[in-house]
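Chemist: Residue strings, one per chain:
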Amino acid sequence: MNVSLSAQNIVKHYGGVVALSDGNLEVQSGQVLALIGANGSGKSTLSKVINGVVVLDGGQLLLDQKPVHFSSPHAAIENGIATVFQELSLIPNMTVAENIWLTQEPRNILGIIKKKEVYQKTNELLALFEGTYKTKLNPDTPISALPADEKQIIEILKAIRLNPRILILDEATASLDSRQVQRLFKLVNQWKQEEKAIIFVSHRMEEIFQIADHYVVLRNGKSVGTGMIKDTNENELVKLMVDKTSVFSFKRQEKVKSLELKPICLKVKKLKTDVLQGIDFEVRQGELVGIGGLQGQGQRDLLLSLYGDISFTGDIQLFDEKVHFKHPHAAMKKGLALVPGDRAKEGLIYIRSILENLLLPSWRKYGTPLRMERSRKDALNVSNSLNLKMAGLQEPVSSLSGGNAQKVVIGKWLMRSPQLMLLDDPTKGVDVGTKAEFYSLLTRLCDEGKTILFYSSDDEELVGLCDRVLVLYDGQIRTELIDASLTKENLISASLGVVSEVTE
Amino acid sequence: MKKTTWNTLMARHPALFALILFVIIIIINAILQPGLFALETLNNNMRVFLPLLLLAVGQSIVMIGGGIDISVGGIASIINCVLATQVGLNGSMEDMWKFIFISLLAGVLAGAINGFFIAVLRLQPIITTYATGFIYAGFALFLLPNPGGGIPRAVADFYRTTTPFGLPLAFSVIAVIVLIWWYVRSTRFGRYLYAVGGKADAAYQTAVPVNWVVFSTYVISGLMAAFSGIAITMLSGSGNAEIGSGMTLNSITAAVIGGTAMSGGVGGVAGPIMGTITLGLMQNIVSFSGISTWWETLAKALIIVVALAAPGIINLFIREKK
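Order-wise, the sequence lines are chains A and B.
If you read the first sequence in my numbering, its first letter stands for residue 1, the second for the next number, and so on.
If you read the second sequence in my numbering, its first letter stands for residue 505, the second for the next number, and so on.
Calculated from the structure, these hints are not laboratory results.
Note that the coordinates shown come from a computational prediction; the quantities given were computed from them, not determined experimentally.
Misleading hints may appear alongside valid ones.
FRET-style restraints, in silico, Cβ to Cβ [unchecked claim]:
1. B:L627 to A:N381: 41 to 47 Å
2. A:L360 to B:A534: 41 to 47 Å
3. A:G449 to B:F638: 56 to 62 Å
Where a beta carbon is used, it is the ideal one built from N, C-alpha and C, also for glycine.
Kindly generate the complete structure, drawing on both the sequences and the hints.
Modeler: As C-alpha cells, then:
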C-alpha cells in the first residue's frame with residue numbers, strides 16, 4: 001500500500017487575499033511530514049487543498065505520480081485521504097458512534113444501519129485511547145457532553161475509521177493533554193509501520209522534533225524550506241519562518257522615556273477563564289502593549305474578559321480601583337473600549353450610515369430630545385481627525401473599504417474618549433496605506449495619554465509598533481519582550497513555545 | 505449535576521416535553537369532556553387533526569434539516585382546489601384516484617421548486633418559501649376563485665367514518681407514518697438529516713451530500729403537504745382556496761411544541777404528532793371551558809406561548825438554582 005502525495009506550486013486566494021502563492025510539499029508512505037509556519041503562512045489552506053475542502057486556483061496535486069483534482073472532501077476521502085480538522089468536523093447533537101461512522105455506516109440489504117456492528121467497531125476505535133479518557137465515554141454519549149480533549153480524540157478516531165492511506169493532522173494535539181499526545185504519537189509510529197503517510201500540522205516545536213521525519217516551512221504562502229528533521233534544529237526552523245524582507249515601513253518616533261513615571265493604568269492578577277490559565281501583567285498609562293502569539297492561545301479571551309464580555313476569575317485594577325466587569329456596558333462606563341476582531345459581525349452595522357455607527361455608543365451624551373446638530377458636528381470632527389475617506393456621513397458603512405470601515409469602529413469609541421482601548425487584530429484585511437495611518441494614529445493616541453492593549457496576528461506590526469509585547473502560549477504569558485529582546489525571531493520562537501531565545 | 509441530567513434527558517428525548525404536555529392536556533380535556541374516549545368523539549377529533557398532523561410531520565423534517573417551509577399551507581390549498589374542481593361531486597372513483605396521484609406529484613413538484621431555490625441557489629429558506637407560498641396560494645385562488653366544487657360523497661364519508669380495527673382512521677395513518685419514520689431514521693439518510701441540520705459545514709467536510717439532503721427535505725415536506733391537502737378535502741368535501749392559509753403557522757407551532765428545534769438537528773416525528781393533537785385539544789378545552797368567543801383566540805395563544813416557553817423557563821430555573 002505504498003502511497004505518495006506531492007503538491008506542486010499550489011495557489012489559492014480568497015477574494016483578493018492570497019493565502020497561498022507557491023505551496024509545495026511531498027510525502028510518502030511511512031513518513032511523517034511536519035508542515036510548519038507562522039500565523040497566516042498558509043498551513044491550513046495547504047492542508048485544505050489536499051483534503052478537498054477548498055478548490056485550488058493553480059498548481060497541481062499528484063497522488064501516486066498521477067495528477068488528481070479534488071472538487072469536494074468526498075473526492076479526497078475516496079482517494080484515501082483523511083483529515084483531523086483543526087476546528088473539528090463533529091456534529092454536537094449526535095452521539096460518538098454516529099459521528100465516527102457518519103457516511104460510512106455498515107448497512108444491511110434494506111439500508112438499515114447495523115447498530116450492533118457500529119457499536120462494536122466504535123468500541124474498538126475507542127480502545128486505542130483507552131485509559132486517557134476523563135469521562136465515562138461510550139458510543140452513545142452525545143458529542144456536546146464531552147470536554148474539548150475528548151472531542152479531539154473522537155475527531156482523530158473519525159479520521160482513521162476508514163484506514164486511510166494519507167492522514168492529515170491539523171493541530172490535532174492542540175487540546176490534548178500530554179498523556180493523550182504520547183498515546184497519539186505511539187499510534188502515529190504504528191501507522192508509519194503500516195505504510196501510511198502522515199502530514200502533521202503543528203506549532204509545537206517539541207512535538208515536531210519528537211514525531212516528524214521531514215519538514216516543510218511555509219512563509220507568506222510560499223514553501224521556503226524543506227528537509228529532514230534530524231538535520232536541523234529549532235533555531236534554524238524559526239529563522240526560516242521569519243520574513244527577512246520586511247514590508248513594514250512605519251518608523252516609530254523615539255518615545256519620551258517617561259513611562260516609568262506614569263501611573264499604572266491596568267493591573268491584572270491571576271486572570272483565569274476556560275482558556276486562560278492565570279495571567280498577570282501591568283500596563284502603565286500611555287503605554288502601547290502588544291499581545292502576540294499564535295492564533296487561539298487566549299488573546300481573544302483576555303481582551304473579552306477585561307471588557308466584561310465573558311466571565312472570569314481573578315483581580316483587575318483600573319487606576320488603583322478594583323473592578324470586575326460583568327457586562328460590556330460597565331466597562332464602557334469606566335472608559336474602556338473594545339475594537340472587536342470581526343468588524344463585520346461585531347464592530348459595525350453595515351447597512352446603516354457612518355453617522356449612526358459612529359454615534360451608536362454615545363447617544364446618551366446627547367440628551368432627550370437628541371441634539372442632532374451637535375452629534376453630527378462631533379461625528380464629523382472624529383471622522384476628519386481619522387482622515388476617513390467617504391462620500392458623506394449619510395453613506396452606509398458597506399460603501400467603505402475595509403480600512404475605512406475599521407476607522408469607523410475606532411472612531412465610534414474615540415467619541416467617548418476612552419482611557420483604555422482593547423484592540424483585537426484591528427489591521428486584519430486592511431490595506432497597507434491605511435495600516436500606516438493606523439500606526440501613527442495609535443502612537444498619537446498613546447502620546448495623548450490613552451493606554452492601548454493591542455493584539456495582532458501580524459508579528460511585524462507588534463515588533464515595530466509596541467513598547468512591549470506579551471506572548472501568549474496555551475493561555476499563559478510565555479514571554480515578555482521589551483526593548484532589545486523585542487525582535488521578530490524572539491517573537492516567533494516564543495509563539496511556538498521554543499524556550500531558548502534566539503540571538504543573532 | 506442535576507443540570508446535566510435534565511439537559512441530557514431533553515437532548516436525548518426532545519419529545520419528552522411534548523409527551524408531558526400531551527398527557528396534561530388529555531387529562532384536562534377528559535375532565536371537561538368525559539366522553540372524550542368514546543369512538544365517535546375520538547374519531548370526530550382525530551379526523552379534524554389529521555390534515556395539520558400530516559403538515560406538521562413534513563415541517564418537522566424540514567426543520568430537523570435546518571430549514572423551514574412556509575409554503576406548506578399554499579401547497580395544501582392547491583391540492584384542495586385541484587381535487588374540488590377536477591373531480592367534482594359526481595366524479596367517478598377512477599377520477600378520484602387519478603387526481604390523488606396527480607396531487608401527490610404536484611406536491612412533490614412544489615417541494616422540488618422550494619428545494620431548488622434553497623439547496624442549489626442557496627437562498628434563505630424563510631424568504632424563499634414565504635415567496636413561493638404566495639405563488640402557491642395565488643395559484644389555488646386562480647384554480648378556484650370562489651369556494652365550491654367538491655368530491656364524491658362516498659369518498660368524504662369513507663374518510664369521516666371508517667374505523668379500521670375499531671379505531672379512528674387517523675390512528676392507522678399515524679402508525680404508518682411512525683413506521684416509515686422509524687425506517688428512515690435507521691438509514692443513512694436519517695443520519696444525514698440530523699448531521700446537516702446540526703452542523704452543515706462539518707457534515708460537508710465529512711462528505712455528506714448536504715445539498716441533496718436539504719433538497720430532499722423540501723420534497724418530503726411538499727409530499728406531506730399534498731397528503732394534507734387530500735385529507736382536508738376529504739374532511740370538508742368541498743374546495744376553498746384559503747383553506748391552507750392558517751395551517752402553515754400551526755404546523756410550525758406543532759413541530760416546536762413537539763420538541764423540534766428551529767435551529768435544526770433536533771427533533772422527530774412523534775413529537776409533532778403529539779404537538780398537533782395537543783394544539784387541537786387546546787382548542788377543545790377553550791371551547792368547553794365556556795370562555796366567550798371574544799377571548800378564545802387570546803386564551804389559545806396564551807396557552808401556546810406558555811407551552812413554547814416552558815422548556816426555556818425550566819432551564820432558566822435550573823441555571824438560577826445552580
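Chemist: Is the gap between the beta carbons of L627 (chain B) and N381 (chain A) within 41 to 47 Å?
Modeler: Holds - the Cβ-Cβ distance for L627 (chain B) and N381 (chain A), about 43 Å, lies within 41 to 47 Å.
Chemist: Given the range 56 to 62 Å, decide if the beta-carbon distance of G449 (chain A) to F638 (chain B) lies inside it.
Modeler: 60 Å, holds
Chemist: Note whether the CB distance of L360 (chain A) and A534 (chain B) lies within 41 to 47 Å or breaks it.
Modeler: 55 Å, violated
The structure shown violates just one earlier hint, number 2.
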